[in-house]
Amino acid sequence: MIKLLLVEDDANLAYMEKNSLEEIVGGYEVRTAGNGKEGLKAYAEFKPDVIVSDIKMPEMDGLEMVKRIRETDGDTVILFTTALTSSADLKAGYLAGANNYIKKPFMPDEINAHVQSLMKLKYGQRSNNESGHIVFGKYVLDASHACLTDRNTGNRKMLTQREAQVLELLAANKNEVVRREALLSRFWGIENKDYFASRSLDVFIKKIRTAIEDDTSIELKTIRGVGLMLQTKD
Amino acid sequence: MTNQRKETDYRSLLIDFKSHLTALLMGVRYVRSGKLDHNPEQKEKYLQIVEEQALKILQGIEECEL
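If you read the sequences in order, they're chains A and B.
Just so you know, we're using numbering that gives the first Met the number 0 here: the first sequence kicks off at 0 and counts up by one.
Just so you know, we're using numbering that gives the first Met the number 0 here: the second sequence kicks off at 0 and counts up by one.
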């Protein structure tokens with residue numbers, strides 16, 4: 000079953016797309032959101048495999064939503080369904096981080112064809128990443144079970160779910176800076192600086208550092224004023 | 000109304016029309032395909048949406064004419 004987040008402000012169109020993908024095309028579990036802001040919330044809760052989004056929407060448009068998602072997630076397949084078809088519009092969509100466009104009007108079978116093709120490409124590229132486990136240094140992180148395993152000794156450390164999620168994101172973007180704002184927005188659901196959430200993040204970071212301190216080949220670095228980077232030698 | 004404003008409104012209207020038309024065409028094609036014949040309630044819902052989307056387009060055209 001493919002988990003698909005559908006972000007569309009036309010309620011009738013959203014109903015028809017959702018129903019058609021679930022009932023007629025089949026193989027989909029669809030969650031809907033009415034604009035980019037709702038889309039970000041649904042994305043954090045639903046953890047979709049695929050996002051299909053309109054561009055022009057009230058409150059927050061699809062481009063802004065995708066930009067924010069791409070700050071921390073380069074993996075999820077994202078398609079725009081749009082009536083905006085000028086070359087400038089297409090360029091803006093790809094720059095935001097979309098994988099492809101579907102021009103309106105379209106049928107749900109077309110969405111399915113695009114999704115199947117992009118999913119094949121995605122899993123082909125990630126064939127060495129066994130069942131969602133992330134390898135860094137001497138550790139294997141199984142984020143879905145919040146378990147960090149030492150590959151050399153087989154010793155396991157249990158993390159809290161939030162610690163595992165934060166570490167998963169840092170490990171998926173290892174040797175790259177992940178902005179503090181992106182972490183706070185993704186896991187604490189806040190957009191602006193919030194003193195208590197920020198301190199809470201610091202506590203999680205301290206615990207993660209302790210969890211991985213046995214491996215000197217990796218370091219969770221604070222990049223002052225910017226964010227965090229999990230630096231590894233592999 | 001300036002020409003630029005008119006152009007922006009016109010473009011916005013066309014974008015809305017394409018969304019309305021997408022649902023309208025989707026509904027008509029699924030109803031005609033027979034894929035909803037086993038589910039009369041769903042078929043009726045699709046036809047209701049088709050009508051609503053057509054009325055939205057009509058409303059948009061009438062607003063343009065004013």
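Derived from the structure by calculation, the hints contain no laboratory data.
Note that this is a predicted model, so its numbers are computed, not measured.
Backbone N, C-alpha and C define an ideal beta-carbon position, used for all residues, glycine too.
Among the clues, some could well be false.
[Stated by the list, open to error] Below 27 Å or equal to it, Euclidean Cα-Cα: the simulated DSS-like pairs (lysine-lysine) are: (1) K44(B) with K102(A); (2) K232(A) with K137(A); (3) K55(A) with K44(B); (4) K17(B) with K55(A); (5) K156(A) with K102(A); (6) K55(B) with K17(A); (7) K66(A) with K55(B).
[As the list claims (entries may be wrong)] Quick list of simulated restraints, FRET-style, between CB atoms: (8) K5(B) with D88(A): 30 to 36 Å; (9) T1(B) with G188(A): 18 to 24 Å; (10) R28(B) with I222(A): 25 to 31 Å; (11) K90(A) with T1(B): 24 to 30 Å.
Of the hints stated earlier, which fail here? Going through the list in order, the structure violates hints 5, 7, 8, 9 and 10 and respects the others.
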